[in-house]
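K.L.:
In case you want the letters, here they are:
Protein chains: 2
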Amino acid sequence: MPEPVPVTMSPTLAADEALERRRRAGEQVLSLASGEIGLPVLPALRERLAAAAGRNAYGPVAGSAELRAAAAGYWGRRGHPADPDLVVCGPGSKPLLFALMLAVGGDVVVPVPSWVSYAAQARLAGARPVEVPTLPGEGGVPDPAALRAAVTAARAAGADPRCVVVTLPDNPTGTIATARTLRRLAEAARDLDLVIVSDEIYCDLVFEGGESAPSPAVFAPERTVVTTGLTKNLALGGWRTGVALLPAGPLGRRLRQRLTAVASQIWSTAPAPVQEAAAYAFEEPPEVVGYVAAALRLHETVVRAAAGSFAAIGAELTPVRATCYLYPDFEPLREQLLRAHGVADAVGLATLLAERYGVGVLPGTAFGEAGGTLRIRAATSRLYGATEAEQNAALTKSDPLRLPWIKASLDRLAAVLDDLSRSAADRDATPARV
Amino acid sequence: MPEPVPVTMSPTLAADEALERRRRAGEQVLSLASGEIGLPVLPALRERLAAAAGRNAYGPVAGSAELRAAAAGYWGRRGHPADPDLVVCGPGSKPLLFALMLAVGGDVVVPVPSWVSYAAQARLAGARPVEVPTLPGEGGVPDPAALRAAVTAARAAGADPRCVVVTLPDNPTGTIATARTLRRLAEAARDLDLVIVSDEIYCDLVFEGGESAPSPAVFAPERTVVTTGLTKNLALGGWRTGVALLPAGPLGRRLRQRLTAVASQIWSTAPAPVQEAAAYAFEEPPEVVGYVAAALRLHETVVRAAAGSFAAIGAELTPVRATCYLYPDFEPLREQLLRAHGVADAVGLATLLAERYGVGVLPGTAFGEAGGTLRIRAATSRLYGATEAEQNAALTKSDPLRLPWIKASLDRLAAVLDDLSRSAADRDATPARV
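Protein sequences, first through last, are from chains A and B. When we follow this note's numbering, the leftmost residue of the first sequence carries the number 1, and every step to the right adds one. When we follow this note's numbering, the leftmost residue of the second sequence carries the number 1, and every step to the right adds one.
It is worth saying that the hints were derived from the structure and are not from the lab. Any given hint could be a false lead.
Since copy identity is lost for identical chains, a pair holds within one copy or between any two.
[Said to hold, decoys possible] Straight-line alpha carbon distances no greater than 25 Å define the calculated SDA-like cross-link-like pairs of lysine to any residue that follow: (1) K407 <-> P250; (2) K397 <-> R253; (3) K407 <-> A307; (4) K397 <-> A69; (5) K397 <-> A57; (6) K397 <-> P40; (7) K397 <-> G54; (8) K397 <-> R55; (9) K407 <-> A57.
Same shape as in the complex, but just chain A (with noise of 0.2 Å):
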């Protein structure tokens, strides 16, 4: 007999929430908790939407044809070569990526750290998330060595690990995993016969220099899929839409049925307007590309100005090289904290942050994390403005850090960042001014 399913609130959406609570109650905040990315529609979107409200039939359960040639064409252009029929659509992929559960069926393999909901959607679905470490500095993808090890282990437990979810780019941490690693993936996936569900939704936002993040589609097409959607690139998340690729073939068609299938009972199709708007946004014009492009800009360089901070008091920092996603570890800092502060774990430290300084991020075990640890993980997408004029300004400005707003913000953190660091000796002879 099923038991009510052990589930709490995304912690990105809960803080979002509290935090937003505390504005309106008076209080000045910082909000680096939730990755939700604090920019302006794009006008050309904007229009779309409003020209297709008169859209008010279901359509295909797997989406408009319009919308799913034009996802298709955005992965061909990513090197995914897509056929429009393997393609789904969805009001988000966090659905897409839960449908996905119960399609493969089975338990999943989920990185850790990873992001907040992988393994929270497997236990609403019935599985067991089986936890594996990611490879140092290549976040959101497992060892696969250690993948290896541990599905081999639990299936000798009785456990059924038929799927492994990946993210590439990361969050958590806004590391890429290498391609080495994503071809040793593939081979233990095959050798395991995992479904590899890779989360793309970062794919857009690599900063400069770097390369286009890989995909485990290019190491293991036959049973890779891939999802994505408009909330980061595009700063969309309200409007609620994603795709999901499957992979071509017998395995890929069994999927696409079983997808649809779930999708047809859980959600009956997207939102018709938006996927009208969506449907332009994978076509990718110009203006488009541009928003994208200056986003992320944006994003580069507040998160390295914030990464700045954090390592200017010691905290440890793997180079960030995509998101806006910042994964900082304290451990250095573990015995002031202590001393100054009485913190023991990331969950002491993000209470610190919200309560004594108004800042709000996420503590390691939100991702999956041991308690022990101080890791935290801070997100810089909601620092671009509270107007949409701010925002757009700094979409547009050659130097987003010197807007008084983006300015005010960095400063803050790293005079919040300074207090924590110091000692409770030097704290208490200086009173803070933060």
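Assemble the complex: chain A is given as a structure, and chain B must be docked to it using the hints.
P.N.:
Frame of chain A; chain B shown alone:
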């Protein structure tokens, strides 16, 4: 270890897609399979959605404060005093129903017949549907005595039913359970400690002269969750928006926490621009009220005309009191159907109607009926016109039955049914011209 869930495509959406393929192939089809409402978006709602196209933030998981307040007002005007904090919005009432099953946990009692997705969703949620027949002429609500017996037996057999789903007014039968039955349902649910999930998406589509459908929330307010949406009354299926009202008191608070947790992990939020338009709709300004009244009159007129054609050939039909659905029973024609067409059950009948006549209906088995019966469901909601101009005429003309496209569809239905009911000998003598 979780097996892949036994999931099949939603029969309504599958039938829609199959008919659409035939239509594109140039065949003449009469689409009575799905309950999609073939009417245009009310211009005022179109404008609201267009004006909200710039909304791209997630906002609260449970939905915007404006939408929750508007939905609470809507329910308040229907005899359910509602706290906006107990309203949870989702991308359709379908995902809300699924998430409620996960939030309540345990197994799920469903009436037979009932909407195609309840039992399928229960299986996706890892639950076993416990099927309980309805009372004659009172579709949508399990016979309370049979409910007691079934739940007791299921528990004795190790199952764990914790909620019962009901539909008021009912899909597929177009009937409405009586207040007496609901009172008995409430008593049984209290004695058995079951949550009642009351799908009231058709509550605004009760025909003239009928009273509004009663709700179990009146008889068991402490344990009833009510769901609805804008799909049926305002023809906004493709917009994907639904709302749930949780009961006041400790159960409701617990359910709200679990439901929003599930929602945060599966879909995050309902599409933000749609939420804004939906808030306006739930406020029920005069043009919204006028649209619903016009649509209701149209459904009633066309459903009654179609019912006449089924009755004319001797099919049994409980008088339809709401919705756009008919649920005729061809049992009186069993011998003719077998002799003339080799048809022995509802699936055979639906197949014959689709393949020989191009008429799409759903067999009763799609609604959980046993295999041998001859009941089918026919929806009239796709007969109102192929273009927006035709659909607007259907909404506004005093006698929609005289509109050529509606008349042609109904005439064709009558001719098909007439041909179907004739004996093999008759049919050989006089080739059908349908």
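K.L.:
Each of the hints needs a verdict: does it hold here or not?
P.N.:
Quick rundown of the hints versus the structure:
no.: 1; hint: K407 <-> P250; result: neither (53 Å within a copy, 46 Å between copies)
no.: 2; hint: K397 <-> R253; result: neither (47 Å within a copy, 47 Å between copies)
no.: 3; hint: K407 <-> A307; result: within (14 Å within a copy, 70 Å between copies)
no.: 4; hint: K397 <-> A69; result: neither (34 Å within a copy, 40 Å between copies)
no.: 5; hint: K397 <-> A57; result: between (41 Å within a copy, 23 Å between copies)
no.: 6; hint: K397 <-> P40; result: within (15 Å within a copy, 43 Å between copies)
no.: 7; hint: K397 <-> G54; result: between (36 Å within a copy, 22 Å between copies)
no.: 8; hint: K397 <-> R55; result: between (37 Å within a copy, 23 Å between copies)
no.: 9; hint: K407 <-> A57; result: between (47 Å within a copy, 23 Å between copies)
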